[in-house]
Amino acid sequence: MAQYVQMIALSPTMEEGTIQKWNVKTGDKIESGTVLCEVETDKATMDYESTDEGTLLAILVKEGGSAKIGDPIAIIGKEGEDISSLKKPEQKPVEKKTGIKPEKAEEPEGFKPGIAPPRTKGRIRISPLARKLAGNYGIDPEKIPGSGPGGRIIKRDIVKYAAGTKGQGEIPAVKYQPDVLKDEVIVLNRNRKIAAQKLSESKFTAPHYYLRLSVASDGLLAFREKINSEAGNVKISLNAFLIKLAAESLKRHPVVNSSWDNDRIIRHGSIDIGLAVALEDGLIVPVVRDCGNKGVYQIDEELRAMIARARENKLSLDEITGATFTISNLGSFGIDEFTAIINPPGSAILAVGRIIREAVVDEQDKIGIQKTIRFTLSCDHRVINGAEGARFMQTFKNNLESPYHVLL
Amino acid sequence: MAGNKADTYDIKSFKKDFLLSLLEKMVLIRRFEEMASKMYGLKKIGGFLHLYIGEEAVAVGAIAALDLKKDAVFTAYRDHGHAIACGSDVRALMAELYGKITGISRGKGGSMHFFDVKNHFFGGNGIVGAHIPVAGGYALKLSVKGEDGVVLCMFGDGAIHQGSFHETLNLARLWNLPVIFICENNQYGMGTFFKRVSSVHNFSLMGKSYDIPGKQVDGMNVLTVYREVSEAVERARKEKLPAFLEIKTYRYKGHSMSDPATYRTREELDAYKNLDPIVYLKAELIENKLLTEEEFGKIDGKARKKVAEAVDFAEKSEEPDIKTLYEDVIV
Amino acid sequence: MAKITMREALRQAMDEEMARDENVILLGEEVALYNGAYKVSKGLHDKYGSARVRDTPITEEGFTGIGIGAAIGGLRPIVEWMTFNFSIQALDQVLNNAAKMLHMSGGQVRVPIVFRGPNGPAEYLSSQHSQALQSIYAHIPGLIVISPATPYDAKGLLKSAVRNDNPVVFLEGELMYAWEGEVPEGEYLIDIGTADIKRTGKDATVVTYGKPLKVVTEAAAALAGEGIDIEIVDLRTIKPLDEAAVYESVKKTNRCVVVDETWPVASVASYVGYLVSKNCFDDLDAPVEVITSEDVPMPYNHKLELAVQPSSEKVIRAVKKTLYL
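The listed protein sequences derive, respectively, from chains Y, H and B. Here the first sequence is numbered in our numbering, starting from 150 and rising by one per residue. Here the second sequence is numbered in our numbering, starting from 65 and rising by one per residue. Here the third sequence is numbered in our numbering, starting from 2 and rising by one per residue.
Hints are computed from structural coordinates only; laboratory data are not their basis. Do not rely on the hints blindly, as some may be mistaken.
Claimed, not checked - Short, incomplete list of chain B residues facing chain H, as computed with Cβ under 8 Å: (1) G50; (2) A52; (3) I73; (4) Q94; (5) I141; (6) G143; (7) G182.
For each residue, glycine too, the CB sits at the ideal point set by N, CA and C.
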């Protein structure tokens, strides 16, 4: 019966061979040991000796052609035999003999990781490292359940326990729950996606520098109180005042109210100030337009309306983009001072800290109590030079300490 | 010396069945080795594979001189032919090459470590020359127990310069152990022609230092091998004396599958192929009207079928269970 | 109970086993007419004759291999190496043949043989004749490795070794042959793979085997004078190791010192130390201490050669270290 001659590995590392020369032709009689062809392997040219006997019925790979191991290269059979119905040899992928890893379930007994006997009464099973950490944290290991083999207390138990009891009087026994450590995937809403993209773009492209300034806010706060007492029901927010005073300062330093636009700077006509507002699941920056020409009442009213709509997620894209200057106030969170990331297309953002009551020495060397607010201005150096930014801050400080300056 | 001239025996003195059994064994070894080579090429078999093609007359002729009920055979790592000559089941041998649990050594030995104790075949040793004293030790047991068995200790020309060979020859003569040392001189220790590394080119002289008689034997003629080994076996059995034979032969293939054998010429190989032990015995039998071409075809067909069945058996056999790796380490 | 030497205990073991089983033979250099280089085989040639007690030429590889072949054939040979220093000449036979035949043959070939002889540091012998080589043998799967410390253990274990169906490497201390110990009259066997508590104590466990048991015992006496009560676990068999006995003791004392006269790297001691550190992790009050020979070839000078080896002072220091004293 006719059969295929398959390419074989003629060197241990051969995967494929090129037939350089056929030493026999169709119709030739083949014996065991007859050199059929010369095969170029990855190493050398080797003779391919037949292990079959009969007549060469067909050559399937011509000289110069290559064949992978197992590929049929010729057919040997009886003279005149019909080979049209000959089945091709099964082309199973060659099994690699090396690298067969025993499946886990099949691990022999000797390979089982050593499991220590269960925790004996009266003695605490704890790793030396965990014991040291427990000492550092001042934790009594007796109260901690161990999650290691045989109930051994290990580092993660101490760390978890310490984290869970911070600032509490009585230390509750924390049951170790592996689920708590599971990762969670949070799908971002549109606003967060935009914010993430904008902020990273800003931080990584705009060269930031920071100007820090402490301002005595007693005058402003007294001023605000006065206005509020006169305004009846309406209570104008501190942020509205800050926006108004910043707008007045920007009028005097239009370079700070500008944008970087590739290789040019756009100086904006309108002063559009954004205010960063924290939402439950993110951050939004509603923009009050043309603050230079609006009074503090109007600014406050617009701001209030926009914040209310922001919380309902109803702000349009127009209302939250295009700020030429931004203010971020974390004072209500007790933050002393911080640096913010510039909110494009603006070139500066003003970070506002909390009102701090502090002792100060005045110019007459007298000690008094002052309500200080620390401001940090982040500037895009491509647009605003250091001195320009500093001059702006000087003006802003004057406006804040003596709001009547805006009239000058 | 390797020239298979029939001048040392009269073929008519042998029984026809015996002659045919020698031919059958040689053909079976040849077909087994060809198939092993093919399966190695198809990556069914891994590791070292040392083929016996061309040397069949040595194992078949020598082992035919034994009574395997009481005698024993030890050899090195080119051991397929010896196992088959001892009567091992070719299915278990092929399964061993495949590393299957049904292999003759349960998939733990592979090509170099065939063992078949029930047929008194003791391997299958991979360290050149290291089995020579072990074979001597088996003969010591026969000697101490007063049994009349003999041991055939076969090794290649590469082993003859190992200390273990010389140490064992000395002890074997000193203690009169019934062991026949057979150097199968296939002329190449791996890629090195034996004359390049030996101060003596006639190895049969090497027993002389230990007062052990030696002889060179034509290893391409199975009947010559049989006659000479039989003589040595009888002497060892009766006189309890060791003997040493250098049997000259030739391997057609490289040392192992990774050896392209570029250290020898095509002409040299072809010259030996003209002395092929199977072809020669076949011709001699036909000439003496003890065999027809048709009968030879049947013998060959039978061998091919056995080997094909062996491959089928090996393919279908199970891999050893992982837990078996702790078995056969300590009794 | 009669007090006899280690040499006599070993001789009795071989004598009794040769009398019991005619398949037991003894091979080695000077074992017959000379009565043994260390006189361990004294009288055996006279009693059992040249067929069973054989002098060999100085060919360790040859006669070791012959012993292995005889074992395969069904005899139960005892191969005596004049010292373990020379056993390395035969290491291929032990490592590649004796230890592997059972495995390579898929369980068909058994090699019931004992390789024995003196091992370990002696005196004034310099580097080639004064070394403890058991870690090399313990490293090889397929071997049983035994190293007794007393005449009683030596006799009972050697008899068990002769009857065992595996190749057994049996290491005797060269300096121990003249040491005496109590051995009962009648026949007895000791199970291979069982450790022995040579001294019970509560404060620290000292694991040892073979000749260093002497310095450990001396250290125990000295420590007892200071009110420190150590437990001594004598492994007796290195492979297979009686792990349970070691762990049980360490769980009681919470401290462990391993004393071994081999070199430190990849040694019996380092392996035992690893096992204790891992399996008694929660029971240890101090890191495991290991006392071995120094990692140098043995010098000839006596002061230096003593400094190389474990001593009772070193053991005392290590025990105190585990007690934070």
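Comparing the hints with the structure gives:
Checking G50/B against chain H by beta carbon gives a least distance of about 11 Å; that is not within 8 Å, so the hint is violated. Using the Cβ-Cβ criterion of 8 Å, the hint placing A52/B at the interface with chain H is satisfied: the shortest such distance is roughly 6 Å. With a cut of 8 Å, the hint placing I73/B at the interface with chain H holds, because the nearest CB-to-CB distance is about 6 Å. A distance limit of 8 Å between C-beta atoms decides the matter here; for Q94/B the minimum to chain H is near 7 Å, and the interface restraint holds.
The interface hint given for I141/B is broken, as the beta carbon of that residue sits about 10 Å from the closest beta carbon of chain H, more than 8 Å. With a least beta-carbon distance of about 6 Å to chain H, the hint placing G143/B at the interface is held under the 8 Å criterion. With 8 Å as the threshold, the beta carbon of G182/B stays out of range of chain H, its nearest partner Cβ sitting at about 29 Å, so the hint is violated.
This entry does not satisfy hints 1, 5, 7, going by the numbered hints stated previously.
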